[in-house]
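Asks: Our numbering puts the first residue of the sequence shown at 19, with every later residue one more than the last.
Take these hints with a grain of salt, some might be off.
To be verified - Quick list of simulated restraints, FRET-style, between CB atoms: (1) L38 to L294: 25 to 35 Å; (2) E232 to F286: 18 to 28 Å; (3) G281 to A237: 20 to 30 Å.
Honestly, the hints are just simulated from the structure, not real lab data.
Ideal Cβ placement from N, Cα and C applies to all residues, glycine included.
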Amino acid sequence: MIYLLLSIGLSVLLLLNFRLFPRYGVNTFQAIVFNYPVCFLTGLALLPAGQSFAVEFSQDWTWLALGLGVGFILTFLLSGASTQRTGITATSLANNLSLVIPVTISLFVFKTGGKAFDGFNYLGLVLAVVAVGLSTFKKEESGAVRSRGLAALLPVAVFLMYGLTNTLINYMNIHFIPSPDQTARVTLTMVMGAIAAGLLMLLIRLLQGKEKLEARNLAGALTLGVPNYLSFYTLLLALSAFGGNGAFVYPLYNIGVIVLAAGVAALFFREKLSLLNRAGLVLAIVAIGLISWQELAGALR
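Using the sequences and the hints, build the whole thing.
Replies: So this is what it looks like as structure tokens:
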């Protein structure tokens with residue numbers, strides 16, 4: 019359980035970084051690109067004694083891991099933009115309600131939950147979709163309907179991308195990480211994919227004259243990269259500790275992040291939620307509970 023709690027806290031810390039970057043003039047894109055080399059160095063430091071790392075192209079899982087790394091950086095870019103334009107609470111809700119995707123696949127395809135969906139589970143799926151809509155709804159201001167409408171699509175994109183990457187993470191955990199000792203090797207391979215994709219995007223933007231390197235962006239990469247790697251690493255360890263049961267781990271993780279992120283946003287950034295937004299927050303928690311009530315109930319027995 020300690021790995022799960024650590025992952026929750028570190029995940030909220032990522033959103034805090036995104037929220038603070040504009041205040042300190044940090045270029046979010048560059049901070050995200052350079053955060054992955056920081057992730058890599060953090061991962062090397064956490065390698066179990068006696069282990070070394072090299073990309074193992076002979077392994078079946080290598081190319082999937084590298085591809086996941088590309089998905090990571092795209093998802094991270096969307097999350098950063100969404101946090102800055104729609105707020106911490108809306109982004110964390112979209113992020114964590116994406117559990118609808120890995121939970122459904124975990125139960126129906128991976129069959130790690132061991133139970134079939136019932137009426138409560140399906141009700142939870144419906145409420146999750148409603149919760150995303152309510153939590154991201156903003157009253158349009160005159161003359162700003164277009165930009166507000168485009169910004170409202172960001173949490174939806176975050177929802178879809180996190181759902182896809184978390185599903186693939188669970189697949190990797192079940193099929194290619196037989197023991198916690200293998201977690202670091204697989205994770206570092208994913209990070210290598212993110213590094214390659216990020217540096218390529220940055221190089222293109224530099225050549226186009228759209229980016230200028232600044233030291234403050236490297237500082238932002240440091241504060242982002244360490245918790246980024248550790249949040250993912252501890253989530254993988256939590257999945258391994260619970261036998262790869264994503265249907266159990268993801269609901270607890272997502273409820274924790276939603277509640278903690280909403281509290282931090284209200285306390286430190288005074289993010290104001292409308293009545294509909296608050297209803298979406300409550301529905302999100304209810305939806306997560308309904309989606310995986312069997313697994314949660316079984317853990318309490």
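Asks: Please go over all the hints and tell whether each is borne out by the structure.
Replies: A quick look at each hint next to the structure:
no.: 1; hint: L38 to L294: 25 to 35 Å; in the structure: holds, 27 Å
no.: 2; hint: E232 to F286: 18 to 28 Å; in the structure: holds, 25 Å
no.: 3; hint: G281 to A237: 20 to 30 Å; in the structure: holds, 27 Å
Checked against the numbered hints above, the structure violates none of them.
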